[in-house]
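In order, the protein sequence lines correspond to chains A and B.
According to the numbering used here, the residues represented by the first sequence are 1 to 491, in order.
According to the numbering used here, the residues represented by the second sequence are 1001 to 1491, in order.
Just so you know, these hints were derived from the structure itself, not from any lab.
Using N, Cα and C, we set each Cβ at its ideal position, and we do this for glycine too.
Treat the hints with care, as some may be off.
[Unchecked claim] Label-pair distances were calculated between CB atoms; the ranges are:
1) B/Q1068 to A/A237: 51 to 61 angstroms
2) B/W1488 to A/W389: 20 to 30 angstroms
3) A/L164 to B/H1199: 34 to 44 angstroms
4) B/S1243 to A/G379: 45 to 55 angstroms
5) B/A1216 to A/D267: 43 to 53 angstroms
6) B/W1488 to A/S243: 31 to 41 angstroms
7) B/Q1068 to A/N487: 32 to 42 angstroms
8) A/L164 to B/A1216: 39 to 49 angstroms
[Stated by the list, open to error] Some chain B residues near chain A, calculated using beta-carbon distances under 10 angstroms:
9) A1468
10) R1480
11) P1484
In case you want the letters, here they are:
Protein chains: 2
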Amino acid sequence: MDIELADAVQRLRFEQPDVRALVITSGKDRVFCSGANIYMLGSSTHAFKVNFCKYTNETRLAIEDASQHSGLKSLAAVNGACAGGGYELALACDEILLVDDASSAVSLPEVSLLGVLPGTGGLTRVVDKRRVRRDLADVFSSLGEGVKGKRAVQWGLVDETVPLSRFAARVPEKARALADGSPARPGPGVALEPLDGRHHDLGVEHRYVTLEVVPAERVATLTVRGPDEGEPTAPAAMRERGSGLWALRAFRELDDVLLDMRFNRPDIGVVVLRTRGDLGRVLASDRALRANQDDWFASEVRHHVKRVLKRLDLTARTFLAVIDAESAFAGSLFELALAADRSYMLAADDGPRIALSPLNRDGLPMSNGLTRLQTRFLGRPEVVDGLPWDEPLDAEAALEAGLVTFAPDEIDWEDEVRLAVEERASLSPDALTGMEANLRFAGPETMETKIFGRLSAWQNWIFQRPNAVGERGALTLYGRPERPKFNWTRT
Amino acid sequence: MDIELADAVQRLRFEQPDVRALVITSGKDRVFCSGANIYMLGSSTHAFKVNFCKYTNETRLAIEDASQHSGLKSLAAVNGACAGGGYELALACDEILLVDDASSAVSLPEVSLLGVLPGTGGLTRVVDKRRVRRDLADVFSSLGEGVKGKRAVQWGLVDETVPLSRFAARVPEKARALADGSPARPGPGVALEPLDGRHHDLGVEHRYVTLEVVPAERVATLTVRGPDEGEPTAPAAMRERGSGLWALRAFRELDDVLLDMRFNRPDIGVVVLRTRGDLGRVLASDRALRANQDDWFASEVRHHVKRVLKRLDLTARTFLAVIDAESAFAGSLFELALAADRSYMLAADDGPRIALSPLNRDGLPMSNGLTRLQTRFLGRPEVVDGLPWDEPLDAEAALEAGLVTFAPDEIDWEDEVRLAVEERASLSPDALTGMEANLRFAGPETMETKIFGRLSAWQNWIFQRPNAVGERGALTLYGRPERPKFNWTRT
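Chain A on its own, in the form it takes in the complex:
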C-alpha cells in the first residue's frame, strides 16, 4: 500500500481510531525517511508499510495535528543517518529514539554541506518545539556530520538512545507507552471512499466541488455546493453516512482541488470562490458537528474541515469570494469568504444572504491560533461578540457588520467583480505572494505561522543566490572536489 504520509495519517484518524501510536522508522538502507516505512501499532499490534516520496511542512504539521487533536502519538525510531528533511520529520514526532552507534546521528547539514538553509520548519522546531538552547542549535546546525549518542540527548535533539542490540525491543516498548498515554478510541472506523472526481485541462469536477479554469486569463472559479438534502445529525447516523457525509466529502474534495491547483496549475493567479445551495442545510450540518463534538467521528470531521481551510490560508494564490444570488456562504462555507483576500456581495432586494454558525465562533482556528473572525477584528473581541450570530444578513447588513469587503448593487455588480479579477490577474505574482502572506495572519505568531511566514521567502532567496546555484556555488559543486567560491557580503 503506497500512499503519502499525510494521507496515511489522515486515513488512520478516520479508518483506525483504535490505533493510538505510530512508529516512523528507517528504511532498509538505514537512512531515515527517504523511502522510509511506517509501522502502526494499535490495540492489537498490526503494521503496514507506507512509501512516501514527499513530506512537506504540511505533512509534518499533519503528524502534529494528529497528536494534539486525535491522540495519535508518533515515535521516530532512528537507526542510521537522519539528516535534513529526515530529521525535520523526526522533529514532528512526539518522541525521537536514536541508536547509539558509530553511524547513527541526527543532522541538519545544509549550511555546511550545501551552502543553503535547513528548512525553517526544522530550525524553528529545534528551538521552539524541542527548546534546544540556541547556542547548541547553532553548533548543531553548522555541523555536517550532525550529533549522535549521549550528546544528542543532552542537547535535547533526541529523547533517548539505545544500543543497536536493544533497539528492536525498545521501539515497541516506547510505542506502547505512547499509545497507553492516549485516551482509547474504540472503533469501528469509517472508511474514506475514493473521491473519483474528473480532472482535466480545464478543471476538476467533484460531487460538491468544481474548479473551472480559464487558462488565458489565469483565473479559476472554484465552486463549493452545500448538502443536497438534510444531513444526519446524530452521531451513529453520521458515522453510518461515513465519508459520504457532506462536511467530510465536500472538504475532502476542496482539499483535492487545492492540491491539484498548487501542483498542476501554477499559472492560475486568481481564484474566484463561489458557493451554491441552501444556507439552512449548511448551518444544520455545522450545528451537528458542534453538538457532537465529543464524538470522535464528528470531532475528526471538524478537524478535517479546519485543516483544509488552513491549507487555503496557506495557498499562494489570490482568493476573491463572490457572494452572488444563488450562494450559500453560511457557517463553515462562510469561512471561505473570511479566508479570501477580499469578498464581493451582491446588494439587491432579493439578493443573497450570509449566516454565521457556532463553527465560526470557535470551531475552525487558523494557524495563528485565532479564528478567522478574531483575526479579522483583531484585538476587538467586543466586535466579534456583537456580530449578528443568529440571523442571516443581506449585503447591506453584512457590509455594516464588516463581514464583507464590498457590496455593489445590481448595476455595478458585474463590472466591479470583473475589473477586480482582471486587475488582480495583471499584478506581479511574486509581489502578490509576499503581500498576501503578510496580510493573512495578523495577530500573534505561532510555530506554524513562523514556519510558513519565513519558509518560502528565506528558502527561495537563499536557494537562488549565486552562492548556492552560481557556477561556483555550493549546491552546484556539491559532491565535486572543487570548493565553492562565495561572495562574502552579508545581507
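Mind docking chain B on chain A? Use the hints.
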C-alpha cells in the same frame, strides 16, 4: 541642523526631556518624508528642522520605542502624497492626520506600480498595529493611487482628516493633546557629547569599545571595556556625569561600531566579542541603573543599552563570545555573550568569572519581548529562577548552569577558538544569515520579530526575481511606456 531621524529621536530623549510630542510633516514639495521636516513641540513651542535621508525599520522602531518608554509621542501630519516608505514612517507615529483634498493620500503602491513588495514593516503595521481589516488592507496595498479623505479614516489608515484651510491650526492642537496626555518630564536634559572615535581601514577606536579587523580572514574582534573607576550611583551624580557615564558612553560606542560594521564593512562574517575590566564595577553600574529606574535619566540609559543590544541581535553577522582570562562578562556585558550565537569560556584555576545582575533578570528585553535568559531557557522559568544570581561563576559552573556553550581548558583553548572562528568564516554568508535569524528569536513573535523575520528574506527574494529586475521586469520598466512581462508561476 541635519541629522538622521533615529538620532534626532535619541537626542530628544536625552537632551530635551521636556519635549513630549513631535510632529513629522511633509517637506516643501508636499511629499511626506522624502526630505521631510520634523518640528518639535515641547513645554514651550520650539521647533527645529531635521533632514533625514534614510529611515530604516529600526528608525521606525526608534519612534515607537520613544512613545512607549519615554512618553515622547509623535504625530504624522500629512499634506500631500504619503507613499511607500513615507507611509511606513507615518505608521510608526502615534497618530496620523491627513489633509482632505484631491491630492493628499496615503499609499503603499509597490505592488501595483513596481511589481515588488511594500516594506513588511508597512504591511505588518497596517494589520497588526493599526488593525486595518485584512481585506481592506488587501485593497489598499494593491491600489497605486492609495486612499484619501473619509475612506482613509473609515478603513483605519489614518486617524483624522481636515480641510487644508484648517490643517495649520489642527496640527499644533493635536500635538498639544498628545503632549498633554504624556507625563511631564522636567529638564534640564543631558547633552550627548560627540564620540570622536577614530575610524580607519583596520577598525575603530573608541574610549571603551574597539573594533579590530583582519580583512583577509573576514573576521573582526570587538572589545568592550568596563568602567575604569567607580561610577556614580545617585541620580543627580549620574546626570552630572551625563554622556560620560560608562553605561551610556560604552553602549553609544558599541552602537556606532555596529553601524559602522553594517554599512562600511560588509565582508566581515565573524565577530569575536571580548570584554575587559572589572566585574564588580560593571555590576555596580547595572545596579545603579536598576535602583534608579524611576529617574528619567537612568531609565533612558537603560533603554539605550536595551536598544543597542537589540541592534546586535538583528545584525546579520556571526557573533562568537570569547570569555578569556581578563574578561568582564558581567550583567549588561554578559548580555553580549547571551546575544552571541555561541560562547567559549576558558576553564582554568585562575580563569575568568562571569556574573549576573538585575538587568539580566528583566532590564534588557529582546525584540520578542522576553529577556535573553528567558529565550535561552524557553518555557523553563524555573531554570531562570534557579540560576546563581548572586555569585560569580567559573567556567565549570557556567557550563553546568547552561550559561556558556563550551568551556575548553588551557590546553585546548586556543585551538578550539581558532578553529571555531575559521570554520564559521568559511561557510556561506547567505546560509548563515538565514540560519542565525531563525535561531536567535525562539519563543513568541511580536510585531518586531515578524517584521525582521520576514523583512530581508521576502524583500531580497522578491526584489531580485526577474519579474522585478529582469530586462522586462516591473522595476526595470518603471516610468517607461512598455508593460512588464511576468513569469506567472506562483511560488
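Comparing the hints with the structure gives:
In this structure, B/Q1068 and A/A237 meet the distance hint of 51 to 61 angstroms, their C-beta atoms being roughly 56 angstroms apart. Against the hinted window of 20 to 30 angstroms, the Cβ-Cβ separation of B/W1488 and A/W389 comes to about 41 angstroms, which falls outside the hint. In this structure the hint that A/L164 and B/H1199 lie 34 to 44 angstroms apart at CB is violated, the actual value being about 59 angstroms. Judged by the Cβ atoms, the range 45 to 55 angstroms given for B/S1243 and A/G379 is violated: they are separated by roughly 39 angstroms.
Evaluation of the 43 to 53 angstroms hint for B/A1216 and A/D267 yields a pass: the beta carbon distance comes to about 49 angstroms. A hinted range of 31 to 41 angstroms holds for the C-beta pair B/W1488 and A/S243, which are about 36 angstroms apart. Roughly 39 angstroms separates the CB atoms of B/Q1068 and A/N487, a value that falls within the hinted 32 to 42 angstroms. A beta carbon spacing of about 47 angstroms between A/L164 and B/A1216 agrees with the range 39 to 49 angstroms that was offered as a hint.
For B/A1468, the suggested interface contact is upheld, since its CB lies about 7 angstroms from the closest CB of chain A, less than 10 angstroms. Nearest Cβ of chain A to the Cβ of B/R1480: about 16 angstroms, over the 10 angstroms cut. The hint is violated. Given the 10 angstroms rule on beta carbons, the hint for B/P1484 holds: about 7 angstroms separates it from the nearest Cβ of chain A.
Of the numbered hints given earlier, the model fails hints 2, 3, 4, 10; all others are met.
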